[in-house]
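Could you put the whole structure together from the sequences, leaning on the hints where they help?
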Amino acid sequence: MSALDNTNTFEPVIIGFTCNWCSYRAADLAGTSRIKYPPNVRLIRVMCSGRIDPTFVLKALSDGADGVMIAGCHPGECHYLEQNYKALRRHRLLQKTLAQFGIEPARVRLTWASAAEGALFAQEIATMVDEVKQLGPLNWPARPVPVGSVPAEIPVLSEVGA
Amino acid sequence: MSKPKFAMYWAAACGGCEIAVLNIDEKVLDLDANFEVAFWPAAMDVKYKDVEAMEDASILVTLFNGSIRTDENEHMARLLRRKSRILVAFGSCANEGCIPGLANLSSRESLFERVYQANATSPSTENPNNLRPQASSQVPEGTLTLPPLQAVIRTLDQVVEVDYHVPGCPPESRQIAAVLDALIAVVKGEAELPPKGAVLGAGNSTVCDECARKRDVKQIGKISRIQELPPLATDVCLLEQGLMCAGPATRSGCDSRCPNVGAPCIGCYGAAPGVLDQGARLMTAIASVVDANEPDAIDRVLDGIPDPAGSFYRFSLAHSLLRANRAALAEKP
Amino acid sequence: MSATPGDNRLNLCIQCGSCGGSCPSGAEMDHTPRRLFALIRADAREAVLRSNAPWYCVSCYYCTVRCPQEIHITDVMYTLKSMAIKAGLFHDAALPGFSETFVDYVEKYGRSFELGLATRFNLRHHPLSLAGMAPLGLGMLKRGRMDLTPHRIDGMAQLTAILDKAKALEGGLQ
Amino acid sequence: MQRNARPYLDSLLAIREDIDLELQEIEDWNCCGATEYMSVHRVAAHALVGRNLALARDQARDTDLLTAGCSACYLNLAKTDAQMREDAGLKDTVNQALAAGGLEYEPGAMKVRHLLDLVCHDIGYDAVKARVVKPLHGLKVAAYYGCQVVRPDYDSRWDSHEHPTAMDKLLAALGAEPVEWSLKTQCCGGHMSVIGPDVAFGLIRRLIHGAQEAGADLVVTLCPMCQLNLDAYQVEMNKHFHTDYQVPVLYFTQLMGLAFGKKPKDLGIGKEFVDAAPALAKIQAEAPKVAEAKRKRRPKPGDALPMPGME
Amino acid sequence: MAGQELIEQDIHEQQLTRVVVAACSPHLHEKTFRGVCERSGMNPYLSEMASIREHVAWVHTDKVAATAKAKAIVSGTVERVLKNDPLEAIRVPIDAQTLVVGGGIAGIQAALEVAEAGYDVYLIEREASLGGHMAQFDKTFPTLDCAACILTPKMASAGAHPKVHLFTWSEVEKVEGFVGNYTVTVKKKPRYVDEDICTGCGICVEKCPVLVVDDKFEAGIGYRKAIYWPFAQAVPNLPVLDTETCTYYIGGKGGCRACEKFCPTVPNSIKFDQKEERVTLKVGNIILATGWDLFNARRIPQYGYGRLANVFTNLELERMCNAAGPTGGKVVLRDGQTAPKRVGIVHCVGSRDRNYNRHCSAICCMQSLKTAHLVKERTGAEVYNFYIDIRTPGKEYDEFYQRVLDDGVHFVRGKVAEISDIPFDPAEASRNGAGTLYIQVEDTLAGMQRRIPVDMVVLAAGLEPRRDSSEVGKTFGIACSSNGWFIEKHAKMDPIATMTEGVFVAGCAGGPKDIPASVSQGSAAAARVLNYIRQGELALEPVRASVLEERCSGCRICNGLCPFNAISFIEERKVTEINAALCQGCGTCVAACPAGAIQGTGFSNEQLFAQIEGLLRDVNRSHEPEVV
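Residue numbers (my numbering), protein chains in the order written: chain F, 48 to 209; chain P, 262 to 594; chain L, 44 to 217; chain S, 15 to 325; chain W, 82 to 709.
What the hints contain is simulated information worked out from the structure, not anything from laboratory work. You may find that some hints are simply not true.
Listed below are the simulated DSSO-like cross-link pairs for lysine-lysine, each with C-alpha atoms no more than 30 Å apart in a straight line [claimed, not checked]: (1) S:LYS277 with L:LYS210; (2) W:LYS555 with P:LYS475; (3) W:LYS655 with P:LYS483.
Below is the structure:
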């Protein structure tokens, strides 16, 4: 399959982390407003974007996601006052690190959406899906799982040599 | 009465782990007293074929140090797994790839280029004919072979099942001695084996726990390298003085040797218990306490870490969630 | 049009007039800066570019530091001047003349040249006032405070290359 | 400075050793374009200044300080440096232009400072005071800062955009008495003296009149353009309005020189249009009696309301 | 509700241990289904909702892809719920005593409401008397009734109420605990007057020979003694001694002692050796009504305040207009005698200006209109109001504007550029006479620059957050917005509560407000507190962080991350601890802990890892896991 064909048929899977107060509600609002957007983003609700640990992002990418979206309340509007700034700081550092692993910045997108911004949130998703489509699949190779080649049971040591 | 067999092997590693074992001084005599050393290339001459000839599971315990970089490393890992009842990943290389694991940020080709190219940037390279090592080459005497280099470095537990882990680069001699004592106690029937998969010879917290420096609430406005800073206070947290210290995210057990003498922890004991990815923990910790809220200002602080992946994953890259650079992973093994 | 000057923040203007009130030459302007901004919003291009206001700007930056919306007013004035020159729309040809004469000297010699500047500018635009200004020039000369000939810098070729490149890039930007 | 601000240069050279100021002229500098170039070609104007910055950086040894005595030069250097720092696009464009001349400038490499800023804030009032051998007792001076040094003040080097006090403190350190007046940072007319003299004359008169009303014997400036407008154009302004103001206008460096005991001639004094000699004659050998420290007066019925302090 | 019954039935019949409801958003029915589980004897936190309506059915058109996504969401939720722990809501008892901080009109109102309901209130005031800023005002807009006439009865009731325990000249130093159970340390500054003995006769004040400028109550235009009453109607009616101006203290405890000498009480009320005291209070709720500070008009040098004698602030004018004030209600120039003939009132001084404060101070338009009216009424002067916009959005406010227009007050639309004592030219000087101030402004409606000559300028300085608001916020575990005002829980729907349970804000502490709004907020805060007191206990969501002490190394990375002060460091054990009642469950510290020592209930790492795996279960990867 040529690269061109790839971008045409490739449907990325993206994990989205949303905060309970703004961005998840923005997604709810997009729903109640029947705003259409591509079905590629699967959301995980956390209480605050400050809860989002780079480990989650790395895990999602290494478990097969093509991209990760992190969404929180707008700066200055965090339900927990200022925790979205911590999300912002972690995102900046994560991006720098991911670049060294060959992961393009567009694959890990940070966005702000208030609970009123259903349309904006849908637009953000559409934009991200589009960008990740252009990049193609990430397909991070699964971690090797060693099996077999171990003696079935390990005897209690005190029996050995007796 | 025959003594249980002991083996130690050195795959892709620097040899420091072997030195560390010898560093336990007279304790090594206890090893000899309680075990028959069946295979230990660094200490005695036994051929691979001798090992192959041994019965499966006839070695009681093998301390395996070094990571899996070549086909030979992999072969020996599998062989020793088969021959050993207890396989211990010994030292940082075997457990998480260690410094050699940083090669996973580069493709095999770029590694060869860097090391063997005539005009390579490496100052120690002198190779006017651009010779490269070959897996096999013909000489008048016959065929010479070299074990092929694999695409990425793997840790021992990514290749075979591992029973116990002893972290450290190298493991502290005091800790090695304690592990040996525990093993001997088990052999003598004075103790039970720890649960499979346990980490031995280390603590349950992080390096800060053993660090004597005073710590305060953190707000980092600038990160510098040690040579860029004025002489450091001897009793204040290094991170608070603007140094990247991996102590907060690194398993305890080393007695916080480096920070206590003024050098920042570089993370050789690996992740704290229960942690999936040491680099991610260090990354999130540092980023959380950056004293800036605007993207540009945040970047200015973070620019003090010129090589983030190398800094956060100095020892644990090969064992991390991502393991390697995408291009390196995409190569044929 | 309102998008032309860089990060000008013009859309934040609340029409309070602190700029027009602060301006040393505000009384002489046909439109105060505040009014210009309203005209820009109203898309009254010609009225804006024909205004004498940008040319009367003395670059004192009072408006800029006093603006409650932190609009970069002085910089906007510069942009409006260059737009007016490009569009060939002047309230009074004399106004851009000074800037252009000044620029000419800088581009020829790398330095400004007061005697030439004043003479050439006045000859072209205010021939009558030249005689009136003569004592001032003489006074400057007498006190050793003015050159009779312009000084040319050594790196003129370098400077020209830089300015040509800059203008080419600037052209490309628009 | 070599020409129309000759006295500024002479006085600066005369005092620089007293204040341990080591100066190096940027070799082959070009005109900064004043406020005019910016109006015609914005990018080229920055490139013009960029060349000076780049030359300065290449020439600088053991320092990153770049100082200018002229308001416009100072402002343009500071502005280009600040805007290149803020705007990566501009930085690239200017550097592309500079590359055509084999130059490059990394914004922030030079710290652009006005001469007065260096004298007041780096050298310091105490160091200046220590050098004073002939205090300027009895001389009332109006410190005049003009516009472009204190505004827009990209790097927050001054205590106020409107009523700065640095030069007042410097002059006080020299023994002179700075007068309190409201026009410290009002416009001297700038380029309007050429393109719209009527506007400029009005502004000049207001300043000169204001200084005189405030009781100043002379006005002290920090910029050749301001000096020129207030001094040379004062004569023109008198003609225009049929007035006869005679308020001399000197550079702060000239007053420093006088206080440091230099000969007036070496400081370029005498080259001004409005003769400073009568004003300078007022300098007394002895310090005038200090006005009695203000005590909080007991209020009496019908007395004035207390005045809010400045702090 | 057949669906709910079905679930209940299944829980019983199948002995279910976990429930996932794939339906709408948890924001709609999470509570409903948790209730179902609870009724069926299951721990409610062992259920989860998968939102396949708002996040799938209603937003996607490609049915195949949408179905795949819905399955993935359910799969993720199932994996997650397996890792859920049974949790119990955190229940805290509510102490019925209440702390009110700030004795201005908002705090007085709040304290009286709670006291009237029969509960004890501690009212803490930093100054020596209740009253706050309102006590300084002369008339109140728009009705022009006298501020003292309506405020002093309230002050007196608060002072006399058996349930209101007054601490004036006192500050809150430390707050520990959490909602329902706060321990508050109050610092009582020495008054040097014995509160229990002093009768308030005032002889000490009369005999004190030291007269100094009163910067506080009289806004700098009047005087007071070294021992003084904060003001005439002060509550409590006790003087206070200022050691910085008293000659006894200045002279190294040598001279004077006139106050002591003339004090008629036995024993003597003057206590030169009185010391600072600390009082510990137990309260369940806290109402912060800490008010505002006046913008320092000196920060705008071009307006000349402090430099030009006849430039006044609005607060100075309030005192000047007050019949009990330094001028006996006469509006005069700084010379204390001359009535101004031309007065300029400058709006928006320090407000709506990014160089100072971005916010609108909300009251200055009305206050300036009132000032214009009073000045006109008392002096007959020509009065000019310089404004950007006139904002009169209260009841009868715009009608008052109309009245002032009718008074003949001039209105110039333009932000004043500068105020100068120097005329532009000799003609201007001779036209206007000496001592004239020139207000330079662009009259934006006329489209021209104007210089308006006046004798007096009144600067409508804006309202600012208290200078120490950020430290005060830290003490009480609440945060300030970027402007410095305390942040409410929700700007519209919950403007009284804060993110810290049991801490409420009222009045200008949360942003500029006029008197009616401050009074309303005082009542509203009291209502919220009374609601909690009546409930007796409070159930808090168990989404909380906690520290595994044996894993915590005391690195202190997390210590600065909590805006609610829930994280504290235990110095003796060198470990960090999280107070569950203060923790709001955001999880930022969980994500930050480099040792993985902080756990987050409800949103644990294990739950989230499992959910990620579940969500990606269907993803085909080109490299199948390498099996060794």
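With a cut-off of 30 Å on the C-alpha distance, tell me whether LYS655 (chain W) and LYS483 (chain P) pass. The hint holds at about 26 Å.
30 Å Cα cutoff - pair LYS277 (chain S), LYS210 (chain L): 48 Å, violated
Has the given pair, LYS555 (chain W) with LYS475 (chain P), been kept, meaning a C-alpha gap of at most 30 Å? Holds, because 24 Å separates the two Cα atoms, which is no more than 30 Å.
Of the numbered hints listed earlier, the single one contradicted by the structure is hint 1.
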